[in-house]
Amino acid sequence: MTSAPLTLFEKVWRRHEVVPETAATPAVLYIDLHLIHEVTSPQAFSVLRERRLPVRRLDLTLGTMDHSTPTRTEQIFGGAPIAVDSAAKQVRELEVNCAAFGVELLGLRNEQRGIVHVIGPELGITQPGKTVVCGDSHTSTHGALGALAFGIGTTEVGHVLATQCLLQRKPKTLAINVSGKLGPGVGAKDLILAIIGQIGVSGGTGHVIEFRGPTIEALDLDERMTVCNMSIEAGARAGMIAPDETTYAYLAGRPRAPQGAAWEKAVAEWRTLPTDPGAHFDKQIDVDASEIEPMITYGTNPGMVIPISGSLPERRGDAMFEKSLAYMGLTAGKPIKDHPIDVVFVGSCTNSRLSDLRSAAGVLKGRRIAKGVQMLVVPGSQQIKKAAEAEGLHRIFLEAGAEWRESGCSMCLGMNGDLVAKGHYSVSTSNRNFEGRQGIGARTLLASPATAAACAVRGRVTDPRELLS
Amino acid sequence: MTRLSALRSRTAVLPATNIDTDQIIPARFLTTTTREGLGKHLFSEWRYDAQGALRPDFALNKPEAQGCRILVAGRNFGCGSSREHAPWALLDCGFQAVISTEIADIFRNNSLKNGLLPIIVDEDTSRWLIANPGAELSIDVAASTLTLPNGTVARFPLEAFARYCLLNGVDELGFLLERMPLIESYESRVANR
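As they're listed, the protein sequences go chains A and B.
With the first letter of the first sequence counted as 1, position 308 gets the number 307 in numbering that gives the first Met the number 0; the numbers rise by one all the way through.
With the first letter of the second sequence counted as 1, position 70 gets the number 69 in numbering that gives the first Met the number 0; the numbers rise by one all the way through.
Treat the hints with care, since some could be wrong.
Unchecked claim - Keeping only pairs whose Cα atoms sit at most 25 Å apart, straight-line, the calculated SDA-like set for lysine to any residue is:
#	chain 1	residue 1	chain 2	residue 2
1	A	Lys169	B	Met0
2	A	Lys421	B	Gln50
3	A	Lys322	B	Pro132
4	A	Lys171	B	Pro132
5	A	Lys169	B	Pro132
Said to hold, decoys possible - Rough simulated footprint, nothing fancy, chain B against chain A, three-plus residues with beta-carbon under 8 Å:
#	segment
6	153–163
7	208–222
8	252–264
9	361–375
These are calculated hints, taken from the structure and not from any lab test.
None of the values given here were measured: they were computed from a predicted structure.
Beta carbons: idealized from backbone N, C-alpha and C, even for Gly.
Extracted from the complex, chain B is given alone in its bound form (with noise of 0.2 Å):
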């Protein structure tokens, strides 16, 4: 997993609240078998019209959204399927952190084994960020704080083993492998149970 310590960057904001993982990257696109290329199919009923053309009015298709690598969204982002194409979509967009009020636990999880930073914001502070899309926002993920353009300092909760595996780029899969030790000795004690 790439490290992920700090984040500077201008936001893009889709205000709507519970937008599921059928929006983040509809089914249809989920029988490939790779994780690459998937950026361009992102919220794909949103960003384009019947024709394939992008919507001007969609506001990650505004010239003011290109490069932003912070999403802001309304509360509840991410519900629905258990799809880590979604995460994949993001990423591939440019996409490095999604901000909301409450985020689904499954997005969450495969956001964090991506590199991809969620940050849960209170009500005023998200309130502020939807209503001033392209806000220079700062990450620092070693404090796991948010720092607002007048200086604010949020806090985020970020949960010490994730915050860890950003950091340094550790892959969970390693972390596990090097404890089977432990996993064949539950093995063994289930079986004389």
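So here's chain A without its partners, still in its complex pose (with noise of 0.2 Å):
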């Protein structure tokens, strides 16, 4: 028998329907992994405490901290505080929410706390074909590796946690092909916000885009990640990219991947995930990457962006365009090159992994920060920190002039006591330029680690092309 071509999405979907959705109701989804944080579960946990309900599935939820979490090393390792009161409560609810309901918790101290985007790939947890869901919308990162993994909310947290499931609607299906070959200095990130510059910040409203291409089959791990981490930008509920032998290179050996004969099983079986040839999708969208240029934002949504080596867009008479800039403090139709900036940000779900860290490394090496610039540079997780500080680059950070700090989502959001300025310019290799994201009136330009790390080291927005040999 054969059946009609799938895509990769619909797969996933299928395989974790426990009740199709109708006209009347929404699919009952089963969902495989469930990762939790200090932010977006104490409300959840209130829940089963007022219904007198467990957590279901114990063995498939995993909590860490780092939204509202230091990134000092005297506030986690030292006996100092927690500077943030709230946020100090907030870490100690999660400890007691995770203990008094046996939930599995990489706590403060623990060396396999980070980032949960970036942990849960590290530990080969997040897996192909996998539901992956968590309490913040940047999930979408674990999509890198063939799973369907989407941004929920707290009454939702509650759902997974109580029952494992959730009620859904399918989404549509979004494919952006993606050909041609990156230019030297230019990364996934640029590619990313490249895409978002293209089909906007709500471009993908309502769909789950699965990249394809030669070019995204050439990406590694880490760059997949930053390419689906970013999908939310673009408004899409979830991203997608076909596992692969790089996908099966990067997860073998990892702590929670299967091993031995679970190995084999489980390669035999995402091997039949990725999207058959004639799949239907709802949207295409075709990309050319050689032209991409090293990206940047100035404005205020991540689809205010454009080539770092052009001008700001022309005044439109657009009022949303103009008070934008206005809260940016720059001109319509002037390059946005050699404006002068005062932080510099490496870190966050988006870019906070060990080849990111190493390419803002080699741009900084043998080099320093400009006079009056403050760098600072976040590792994912705790295992990044290890790994970067065995090959030394935590050195050349700190030689350059960066503080070098405990993983944690730091500078990207401003609730745990690293923040920007007002009025101060930071080029951030995150995720949001929002007003106000990093801390009030802070403004954020957007970019890749090279391109964060050629800012510092000139005290001005720079081409990173201009400092790599």
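With the hints as a guide, bring both chains together as one complex.
Next comes the structure, spelled out in structure tokens:
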């Protein structure tokens, strides 16, 4: 019997339908991995308490701390109190909740702790074909391994804790076909920023994106995660990339990946996941990667992005555009290059993995950051921190004058003590340049780790290709 | 969940497009461990000046916006983070419906789970609503219609199950728990694969 060709998304979706959707009711979708953190879980545990419900599948639930968790070593290991009181309370509440319900927690001093979207793949617990959810929109990151992974709200966190299921309407599919070789100094971050610039911040709403094509196949897993991570910045429910040999090589031997005979069985199953030839997507978009330059945002959403050698768009009588530029203190029609900057942040679930740190260190090696610039380098996990230190990357950052921190979300969002001051310009490898995201009045320019490091060296917006030999 | 079947109210209008959840409630207020009392932080950066005083020129601070239960906003409302604190803050300030031409997926889901009605309208209706703040609208959840002051009726999409839950105050967790035998049989099917 031959069946109709299916997309990667449809295969994963179908395998997780406890009850398929009907006109009257959404599907009951089974969840294979539920990641929780301190910010979006407390009210969900309260619901379990009120209704006297246990966590249904402790073996499919894993907690960590990242969002409001400090990154200063003394506050993690040195006995200094967590500087933000409410954050300290939230961290303690997660410890109490996990202990009370029996949920495994990679807590404050655990050597496997890190940003929730970094540790899932790193531990090998994020796997192809799984459904993965977390109370965080950047859960889309896990789609880089061929999982169906999406962010949920706190009410849904409660649903998954109690039933391991969610009620979901099936999203539509969008194929983004990428061909052409990325140029030197141009990376995955530039690619996804260019894609968001092309389709807009709501271009993916209601859809699951599958990133496809030779350019995507050539990316390593760290780069694929950067791409899938920012799917949500195009409004998409999730981003996915078909698993392939690169994926299996990445997962092999990781602590929570299947081992031995179970590994062989799992890989055989994963090989059935990629989209069948001729499968239908609701929408398709083609992107030529060879034309992409290092990209940088100039406005207050990630779709307001230009090539670093380019100029801001001309004034166009659009009130939002004017408001955004007024907030940013930038002028329509003017080049962005050489604009002075104050802060550089290398980190976040978008760009805090080992290859990101190597990329920033490659630019910084033998150089110092410009006078008056503050640079923060925050590894995505304690494991990455250890690996980076083993190859001496931390010395390059410290000798350049940057700060080297413990893992966490840090300056990506102003809730853990790491803040950008009002009016200051921050070149950040994170994912959102919204007003106030990095602190009240902070002005964020999103870019790749190489671009961020180049900007730190010059103290101005700088094309990283000028510093790469 | 509280029931919502009909709503009649004047509108408050924020014409900005792409109002993200960091604008609706900034991250520094998310270190709370409860759902209550978030309304005071709603649109914090736009609503208060550096000294914490209300900015008189912000639309929601104007006398005529007080008591409005319907918020009209520009395209792509609620984009960004998955924080459910955004609908909690809106509800805490008395809003029961949000109208835009596009509403971000996670925000829409979170809103429906809390009885905040996300309403998508066409460009023409949106233009009229943005140009006429304070317009008195009637919303009928069962019919999924919005009636403008001149009697024009606009239908809006509302997924059947979401409508059922709003009308009957059904809580989805209860619905899922009732399906536990099906969940268990799925688990044993998968275990034996």
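(message) If you test the structure against every hint from before, which numbers come out violated?
(response) Violated: hints 4, 5, 7, 8, 9.
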